[in-house]
Amino acid sequence: KAGVTQTPRYLIKTRGQQVTLSCSPISGHRSVSWYQQTPGQGLQFLFEYFSETQRNKGNFPGRFSGRQFSNSRSEMNVSTLELGDSALYLCASSLMKGVSYEQYFGPGTRLTVT
Amino acid sequence: SQQGEEDPQALSIQEGENATMNCSYKTSINNLQWYRQNSGRGLVHLILIRSNEREKHSGRLRVTLDTSKKSSSLLITASRAADTASYFCATDVVSNFGNEKLTFGTGTRLTIIP
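As given, the protein sequences belong to chains A and B, one line each in that order.
Quick note, the first sequence lines up with residues 10 to 123 if you use the numbering used here.
Quick note, the second sequence lines up with residues 6 to 119 if you use the numbering used here.
Derived from the structure by calculation, the hints contain no laboratory data.
Since the model is a prediction, treat every value here as computed from it, not as a measurement.
Even for Gly, the Cβ is constructed at its ideal location relative to N, Cα and C.
There could be a bad hint or two in this list.
To be verified - Derived BS3-like pairs (lysine-lysine); straight-line CA-CA distance at most 27 Å:
#1 K74(B) - K61(B)
#2 K22(A) - K66(A)
#3 K61(B) - K31(B)
#4 K74(B) - K31(B)
#5 K22(A) - K61(B)
#6 K10(A) - K74(B)
#7 K66(A) - K31(B)
#8 K10(A) - K31(B)
#9 K10(A) - K75(B)
Stated by the list, open to error - Heads up, incomplete: computed chain A residues facing chain B, CB under 10 Å, no partners named:
#10 K10
#11 H38
#12 R39
#13 S42
#14 N65
#15 P70
#16 F73
#17 G93
#18 D94
#19 S95
#20 L104
#21 Y110
#22 P116
#23 L120
#24 T121
#25 T123
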């Protein structure tokens with residue numbers, strides 16, 4: 010089975026721009042979660058989608074949004090980028106709804122905001 | 006603040022020795038998970054232990070959970086160079102409104118010296 014894939018792997022954007030990151034889960038997985046990893050804040054949960062609906066969310070501003078399509082693929086959007094949004098963005102998929110189950114992570118998208 | 010705090014922050018041992026790392030958390034949990042991350046890449050799930058379990062084994066890994074102390078430990082026996090990585094504990098935190106978040110600890114950076 011193919012693992013979780015994320016595109017693009019690297020991205021450089023300018024402050025004020027917006028960005029869209031993509032995640033394809035493992036085949037058959039309907040739950041997709043997004044995480045932000047920075048040296049200062051560590052790994053932080055952004056949100057979880059299951060069956061095209063946001064089920065859970067972390068403590069991030071509204072500039073961070075996402076969606077899930079009928080094939081379970083998910084996109085995450087960050088608008089009005091700030092320097093502090095520079096991070097590794099990780100996507101994870103799971104067979105079950107909710108975050109209490111084994112998460113399979115993708116390689117991440119490294120976003121640099123200049 | 007982080008739900009989980011890991012101790013130690015960094016650990017260096019000789020190949021073949023055992024490595025123990027600890028995780029403390031703040032609120033009640035359903036499950037606790039351990040993940041490994043190699044140099045800024047995606048996380049790999051190692052083991053999940055439920056709140057009603059006290060100990061779990063998987064290959065060279067042994068995890069204990071003490072819910073009364075809100076702590077867990079991960080033991081890696083007979084360490085290998087390939088075990089060099091960062092290790093994170095993750096707990097599911099459920100708010101009063103039923104919102105779930107998977108919260109990661111600060112991580113332990115393990116270095117195995119050949």
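Is it true that the CA of K74(B) sits at most 27 Å from the CA of K31(B)? holds, 9 Å
Holds or violated: is there a CB of chain B closer than 10 Å to the CB of F73(A)? It is violated, given that the least Cβ distance between F73(A) and chain B is near 14 Å, above 10 Å.
Is the interface hint for S95(A) satisfied, with its Cβ closer than 10 Å to some Cβ of chain B? Cβ of S95(A) sits 13 Å from chain B, so the hint is violated.
Going by Cβ atoms only, is P116(A) closer than 10 Å to chain B? holds, 5 Å
Starting from K74(B), check that the Cα of K61(B) is at most 27 Å away, please. Holds: K74(B) and K61(B) sit about 17 Å apart, inside 27 Å.
Let's test the interface hint: is any C-beta of chain B closer than 10 Å to that of N65(A)? Check passed: Cβ of N65(A) comes within 5 Å of chain B, closer than 10 Å.
Is it true that the CA of K66(A) sits at most 27 Å from the CA of K31(B)? Distance of about 19 Å is within 27 Å: holds.
A closest beta-carbon separation below 10 Å is what the hint needs, so does P70(A) meet it against chain B? violated, 16 Å
Is the hint on Y110(A) kept, meaning its closest Cβ partner in chain B is under 10 Å away? holds, 8 Å
Hint status (Cβ of G93(A) to nearest Cβ of chain B, threshold 10 Å): Check failed: Cβ of G93(A) comes no nearer than 18 Å to chain B, outside 10 Å.
Tell me if the straight-line CA distance from K61(B) to K31(B) falls inside 27 Å. Since the Cα atoms of K61(B) and K31(B) sit roughly 21 Å apart, the hinted pair holds (cutoff 27 Å).
Regarding the hint that K10(A) lies at the interface with chain B, is the smallest CB-CB distance below 10 Å? Interface hint status for K10(A): violated (15 Å vs cutoff 10 Å).
Violation of the numbered hints given earlier is confined to hints 5, 6, 8, 9, 10, 11, 12, 15, 16, 17, 18, 19, 20, 23, 24 and 25; the remaining hints are satisfied by the structure.
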